[in-house]
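A.B. asks: Chains as they are written, first to last, in the working numbering: chain A, 1 to 429; chain B, 430 to 869.
If you're looking for bench data, these hints aren't it; they were derived computationally from the structure.
One should not assume that every hint holds.
Unchecked claim - Once the Cα atoms are required to be at most 25 angstroms apart in a straight line, the calculated BS3-like pairs of lysine-lysine come out as:
1. B:K431 to B:K527
2. B:K486 to B:K555
3. B:K504 to B:K537
4. B:K738 to B:K710
5. B:K450 to A:K20
6. A:K396 to B:K495
7. B:K566 to A:K17
8. B:K848 to B:K610
9. B:K513 to A:K277
10. A:K364 to B:K830
11. B:K780 to B:K610
12. B:K610 to B:K645
13. B:K431 to B:K780
14. A:K277 to B:K486
15. B:K547 to B:K610
16. A:K396 to B:K486
17. B:K431 to B:K450
18. B:K643 to B:K566
19. A:K81 to B:K450
20. B:K738 to A:K396
21. B:K511 to A:K81
22. A:K81 to B:K790
23. B:K513 to A:K396
24. B:K794 to B:K830
25. B:K816 to A:K396
26. B:K431 to B:K513
27. B:K537 to B:K495
28. A:K274 to B:K790
29. B:K481 to A:K396
30. B:K766 to B:K738
31. B:K861 to B:K830
32. B:K643 to A:K274
33. B:K450 to A:K396
34. A:K241 to B:K710
35. B:K537 to B:K643
36. B:K848 to B:K830
37. A:K274 to B:K830
38. B:K816 to B:K790
39. A:K274 to B:K481
40. B:K481 to A:K81
What you are looking at is a predicted structure, and each value in this text was computed from that prediction instead of being measured.
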Amino acid sequence: MSKDISLAVTDGSGANKLQKTGIALLAFGVLATIIAAFGAGATQPVLFFWLSVGFISAGTLVYAYPYFQHEAGIKNNNIFKNGMTNRGALAWFTGLVLTGFYIILYWFPQYLEGLIRMCDPLSWLLRNKAADQWFLYGTLYTLAVLVMGFRFIGKYRHNRYQIIRTLSVMFFQLGFAFVLPGLLLMFNQPEFYFSYFWPLKYGYLWPNDINYVVSSGGLGYFMIFWGAIMTFIATPLLTYKYGKRWYCSWVCGCGGLAETMGDPYRQLSDKSLKAWKIERYTVHGVLVFIIITTIMLWLNSAWEGGLLGTWSGNFSQWYGFFIGSIFSGVIGTGFYPIFGNRVWCRFGCPMAAILGLFQRFKSKFRITTNGGQCISCGNCSTYCEMGIDVRAYAQKGENIIRASCVGCGVCSAVCPRGVLNLENLRDEK
Amino acid sequence: MKIVIIGNGISGITTARHIRKLSNHEILVISSETEHFFSRTALMYIYMGHMKYEHTKPYEDWFWDKNRIDLLFAKVAQVQAKQKQLQLEDGRMITFDKLVIATGSTPKTLEWPGVNLKGVQGLYSKQDVDLMEENTKDITDAVIVGGGLIGIEMAEMLRSRNINVHFLIREQYYWNSVLPKEEASLINNHIAAHHIHLHTNTQLKEIIGDENGKVKAVITHDGIEIACQFVGLTIGVNPNINFLQNSEIETDRGVLINEYLETNHPDIYALGDCAQFRHPKNLHPAVEQLWYTGKMQAETLAQNICGDKRAYERGVWFNSAKFLDIEYQTYGYMFNKPLEGEQSFYWEHPKGKIACRINFKATSKAVTGFNFLGMRFRQQTANDWIKNEMPLQNVMQELEKGFFDPEFFENHYLAIVEKFNTDYPEMAISVKKKKKFLIW
Ligand SMILES: Cc1cc2nc3c(=O)[nH]c(=O)nc-3n(C[C@H](O)[C@H](O)[C@H](O)COP(=O)(O)OP(=O)(O)OC[C@H]3O[C@@H](n4cnc5c(N)ncnc54)[C@H](O)[C@@H]3O)c2cc1C
Ligand code: SF4
Ligand code: SF4
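Using the sequences and the hints given, assemble the complete structure.
C.D. replies: And the structure:
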């Protein structure tokens, strides 16, 4: 493999051998997945599930293991010399595969039949029903967060904030976004994600969804209650105290995927002033749109269809199509290797927009800078996945209070001079 | 008024930016290294692939136009002070009303045999990094001569490509000319953990080349031969002032300046790495070769040029660096031995990657300085304590307030206090273990 497209964390040495083994295992897993997709998954589900999931996981874990062998510390060596993490051919290829997967998943699930059937045994076990495309997606998603979370912890293991935060997103993805919704289905309850709230999970405050959830009785009422409390009370309170990060880089599944699977691509976010200007329009635009939609839907339902007529259904469908599928999925995740790992969070997520407004105007969270210690090296800005030019503040000795900051803490972790610190200012006593 | 600045490093650019903030003068910055200002301190990260050159530029390219700071990518060959003009290498003449010389440094070398062989180089400029890229392609062994801050960065750079590194230092411990023995030997161990071969008490005698004029080995003063295809010379830097010969601007090691950053010529100033104070204050070096000092000098100079004359005052000394994975922050005057009349308290974590030192006056117990390795500490706090001559006991009581490590990091306060109470029973303090709740 030539140096430019090599995937290795380091070149040469024993670590590389381990990584080559990892890639071989990974390739075998991908091969098994392809075979499964062509039908073998339907006839031999258990075997192929383990072949593909097992080998892909094992491959990634073995590949990531060298991070645990190095001296603990920042290991961004060769990131910009490696095509996979620097928009090389391999990155475009990966982006294409991911995007293609989303397109097939959303609009042509029939081609995923082999893979979906492969997940049947697990689906029966967890949810007591057959798998569908969304279960396949959830399984892969959770797997990616867990396996790549392991890699992340290895890479940042000198930093306890990073370790704990990553364990947190792994826990919420596995427990709250995968196992719990499955169990709810098993017990004939509505499928509900306790870690997602309006406006990200916009349906949770829309009349249709509420009616569906409530129709199941007691637990349904609790779910609506939970969603409303989280949106209207917990969100402002927690954001006041800890900033947006309590959700975006500790709990949220989209954030979880971005922080784990997306970590190799965080340096690709656009730091220009122009990108910041665009971001402010788009992210707040989506928020305004969803607030208006929610209000209209409620008015409409109060008028018993008098306001929008058959339009109400269309409205929510179009939102789901353009924002829910294309923006957050195809572009947001599919383009990780090209635009960086937080495109959706930065330019599109309405939840991030609300949390950001609180964070900007009413929060104790800020990133403080340590006096005049900044050497303007640019590591912080480069590795900020939200495209914040952290250095611009740090070199002036200013604190950073930005709506988009998800509090991942990576700027602080990569700073070679210990300049940056994420802090919740304490109440004056 | 037309102000011309030679050099677009931190000193020249900070001067330009602050003059722009304060005035409407015409500003022209001339430099021959890169078209735009970049961070020299980030050069290692370009080589290691953490960043590309464009990431090291603190301002986007439109910034200069918008702030009416003209840039000229050219080399100044000569300064004609009396005529108030410059000659560029390509022959063009540039006039000025005021001139700022901020031309930085060049790497120091000595007249070792073989020093001009291919594969032997220093590290200072963008061009040096490009050259290093070329010189280290597909090599297996490298030698670094000189154990300072750039030397260890170079070692880290080479290790990022798994090149075998022999690190030759004159002292017994890394950077022992500045770091006290305890800190220095802690760094020695960390260097070894990175599989860098540290040759202590070793000096370079000669460099040997092959038939193609490429380096193939070095010989040390005690006759040991080390095979290598690259030699990094990091024994320090010299002010970059050769082009000022015959300019009637007084120089010594650097351009001579007073505390207002004025040279012997009215309307000509110098600052940063290339300048030398005629009368440095007690304990201050005459030539300050740091990013921080360049920046602080520039802020003063901009005020001076814009009519608000003031002397350069750099306040309580501070500096920071990173030795491979171990961050280092220092406040106050900390040398390898306490100054006369001072004592020193030192604590080290059992795992040997974290340490802190506090120096204080033996009689009054006022703290005079801090060293921190592997832990981050608030500059403002340290600064105030040193300035206000806070007694050591009070500092120990409050030490935790200065901690700047990220959340959830191991807190070493109690361990430090315990060591302090053992070392100085007569000053022992008592601290209660505070309970911290995770939520609210
Ligand atoms: C690898 C490395 C790491 C460092 N790390 C740190 C650190 O961590 N902390 C710290 O405090 N300091 C550090 N330093 C030192 C710090 O970078 C310098 O002190 C600082 O950059 C000096 O700034 P300056 O503006 O005075 O000069 P420079 O940055 O050297 O700028 C001078 C510019 O003038 C140009 N020039 C010179 N002569 C001419 C001419 N005749 N015509 C046109 N242009 C000319 C040069 O090409 C250069 O671009 C480091 C230095 C190096 C090399
Ligand atoms: S500013 Fe720092 S903490 Fe905030 S998103 Fe960027 S890297 Fe993360
Ligand atoms: S990483 Fe640290 S030193 Fe580098 S620019 Fe950012 S704050 Fe400054």
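A.B. asks: Can the restraint linking A:K274 and B:K481 be considered satisfied, given a maximum Cα separation of 25 angstroms?
C.D. replies: holds (20 angstroms)
A.B. asks: Would you check the hint for A:K81 and B:K450, treating anything up to 25 angstroms between C-alpha atoms as holding?
C.D. replies: Distance of about 39 angstroms is beyond 25 angstroms: violated.
A.B. asks: Quick one, are A:K277 and B:K486 close enough, alpha carbons at most 25 angstroms?
C.D. replies: holds (20 angstroms)
A.B. asks: Given the hinted pair A:K396 and B:K486, is their alpha-carbon gap at most 25 angstroms?
C.D. replies: holds (15 angstroms)
A.B. asks: Given the hinted pair A:K396 and B:K495, is their alpha-carbon gap at most 25 angstroms?
C.D. replies: holds (19 angstroms)
A.B. asks: Within 25 angstroms, alpha carbon to alpha carbon, are B:K766 and B:K738?
C.D. replies: violated (37 angstroms)
A.B. asks: Quickly compare the C-alpha distance for B:K738 and A:K396 to 25 angstroms and report which way the hint goes.
C.D. replies: Holds, because 23 angstroms separates the two Cα atoms, which is no more than 25 angstroms.
A.B. asks: Quick one, are B:K780 and B:K610 close enough, alpha carbons at most 25 angstroms?
C.D. replies: Judged against 25 angstroms, a Cα distance of about 17 angstroms means the pair holds.
A.B. asks: Straight-line Cα separation of B:K431 and B:K780 no greater than 25 angstroms?
C.D. replies: Since the Cα atoms of B:K431 and B:K780 sit roughly 58 angstroms apart, the hinted pair is violated (cutoff 25 angstroms).
A.B. asks: A:K274 and B:K790 were given as a pair; does the straight-line alpha-carbon distance stay at or below 25 angstroms?
C.D. replies: Roughly 54 angstroms between the alpha carbons, so the hint for A:K274 and B:K790 is violated.
A.B. asks: Mind checking the alpha carbons of B:K861 and B:K830 for me, to see if they're no more than 25 angstroms apart?
C.D. replies: holds (15 angstroms)
A.B. asks: Measure nothing beyond the straight line between the CA atoms of B:K537 and B:K643; if it is 25 angstroms or shorter, mark the hint as holding.
C.D. replies: holds (21 angstroms)
In the structure shown, a violation is registered for the earlier hints numbered 5, 9, 12, 13, 15, 19, 21, 22, 23, 27, 28, 30, 32, 34 and 37, in ascending order.
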